[in-house]
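Since the structure of chain A is already known, use the hints to place chain B on it.
Number of protein chains: 2
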Amino acid sequence: MPRAVAGPEIERLIQLLGRLPGLGPRSARRATLHLIKKRETLMAPLGLALQDVLGKIVECQVCGNVDVRDPCTVCTDHHREPGVIVVVAEVADLWALERANAINAKYHVLGGVLSPLDGVGPDDLNLTKLVTRVGAGGVEEVILALGATVDAQTTAHYVTDLLRETGVKVTRLAHGVPVGGELDHLDEGTLSAAIRARTVL
Amino acid sequence: MPRAVAGPEIERLIQLLGRLPGLGPRSARRATLHLIKKRETLMAPLGLALQDVLGKIVECQVCGNVDVRDPCTVCTDHHREPGVIVVVAEVADLWALERANAINAKYHVLGGVLSPLDGVGPDDLNLTKLVTRVGAGGVEEVILALGATVDAQTTAHYVTDLLRETGVKVTRLAHGVPVGGELDHLDEGTLSAAIRARTVL
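For the record, the sequence lines run as chains A and B.
Counting along the first sequence from 1, when you hit position 2 you're at 2 in the working numbering, and nothing is skipped either side.
Counting along the second sequence from 1, when you hit position 47 you're at 47 in the working numbering, and nothing is skipped either side.
A hint or two may mislead.
The list makes no distinction among identical chains, and a pair is therefore deemed to hold if it is satisfied within one copy or across any two copies.
[Claimed, not checked] Capping the alpha-carbon separation at 20 Å, the derived lysine to any residue pairs in SDA-like fashion look like this: (1) K38 <-> G112; (2) K38 <-> L191; (3) K56 <-> R39; (4) K56 <-> T128; (5) K129 <-> A152; (6) K38 <-> E90; (7) K38 <-> Q15; (8) K56 <-> R12; (9) K56 <-> L33; (10) K106 <-> Q61; (11) K106 <-> D52; (12) K169 <-> P82; (13) K37 <-> D52.
The set of hints was computed from the structure by calculation and includes no laboratory data.
Extracted from the complex, chain A is given alone in its bound form:
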C-alpha cells in the first residue's frame, strides 16, 4: 500500500497473518479487516487461544508429537491399537493420516527425514525413543509412513536397519495410483510401482 491507512500495529498484524500458509498479502488484509470487525467474537478469542496454546505446547516425550499435554492425546488414547506404531516424519503427516481415518494405531514422529544436504543426520531425528519403545515389547508392527522422496526412502532404510535386531515386523506404505488420480498425470516411477504391485481382481 503506497501510504499508511492504519497505525503500525495494524500493519504488523497484516504482515504476521500474511506469513501463514494459504494467506497472501491481500488475503491477510481481508483477514485483518475481518478480525477488526469481529473483534469481540473472533479477535479476542483468537488472541487468547494463541497465548493458551503457546503457553502449554510441549513435545510428547513418548512419540515426538506436539500437543498441549505430555504424553500427548494420541499416546494416552486407550482406544488405539497399542501394538502398531506408525512412523511419520512430521506432525502434519500424523494429522493427515488421522484425517483420512487410515488406521487406529499409535504414532512416532521423527521430526524430519535424513538429509545429508540439509545437514540432518540420525542424531537430529527422534530415533532413540523409537528403538526404546519397540525394545520395551508389546509392539508387533512398525509402519513406515515416510513419503516417497529419496531422503524419505533413505530414512526408511535407516530405520529398518535400526529396528532389525528388535525382530519387529517393519512395513512401508504401498506405492501406486492415487485414488481418483489419472494415469497420464502420474510419473514413470509411480506407474512402474503400481504395475509391480498389481493385485488380482
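Frame of chain A, contents of chain B only:
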C-alpha cells in the same frame, strides 16, 4: 477428524483460524501446524499483535475509520487533499481505494449502506458527522464511492439529498467496463452504463 489428535486448546485454535476469510477447515489445520512449528517466531508475535491491536483499536471520531489512534492515520495525514472527502460504506472499501492509489483525499466511512430489509436506517450510519464535516467548510467535493447495488445507490441518493443544502459538489464513481474485463462476462446494466458514458478517443 474422527478422533482427537491434539488437546482441545489446539482444536479451538484450528476452529478460530478457520473462521478467517480465505481459510477453510483444512488450511486452518495447516496454519495451526505452521504456527506450532514457528511458535517463537510467529505464534508468539501474532498473539501479541492481536492483543496489541485489540487493546488499542478505536473508531475515528472524525471519519468513522477504524485504527489504533483517534483521529485516525488517514485523518491526521497532512499530505492528503483536505478539500475532498471520499464516502465509503466500509473500512475495507477505504483500504481498497488506497491500495489502488486511486486518490489522495480524506475519507468518511458510513459503516454500511441503507438497507430496509436488514433494518439499517439513516440513524445506523455515520451520517451526522459527515454533514458536520462538510458544513464546517473547506470541503469542495464529496465523492460517493458506494458500489452499484440497489442499497448502495439508495444510500448515494440519500447522502446527496442530505448534503444538498451545504452546496458542496457531490460526485459518484463512474460505471463502466472493468479494466482488463471482457465484454461477454459483463451484465447488461454495466454494458448499458458503459455505452451511455462512452468517451471520445
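Cross-check of the supplied hints:
no.: 1; hint: K38 <-> G112; in the structure: between (38 Å within a copy, 15 Å between copies)
no.: 2; hint: K38 <-> L191; in the structure: neither (50 Å within a copy, 37 Å between copies)
no.: 3; hint: K56 <-> R39; in the structure: between (24 Å within a copy, 11 Å between copies)
no.: 4; hint: K56 <-> T128; in the structure: neither (25 Å within a copy, 49 Å between copies)
no.: 5; hint: K129 <-> A152; in the structure: within (19 Å within a copy, 64 Å between copies)
no.: 6; hint: K38 <-> E90; in the structure: between (34 Å within a copy, 14 Å between copies)
no.: 7; hint: K38 <-> Q15; in the structure: both (19 Å within a copy, 15 Å between copies)
no.: 8; hint: K56 <-> R12; in the structure: between (25 Å within a copy, 13 Å between copies)
no.: 9; hint: K56 <-> L33; in the structure: between (29 Å within a copy, 15 Å between copies)
no.: 10; hint: K106 <-> Q61; in the structure: within (14 Å within a copy, 57 Å between copies)
no.: 11; hint: K106 <-> D52; in the structure: neither (26 Å within a copy, 40 Å between copies)
no.: 12; hint: K169 <-> P82; in the structure: within (14 Å within a copy, 77 Å between copies)
no.: 13; hint: K37 <-> D52; in the structure: between (23 Å within a copy, 15 Å between copies)
Hints 2, 4, 11 from the earlier list are contradicted by this structure; the remaining hints agree with it.
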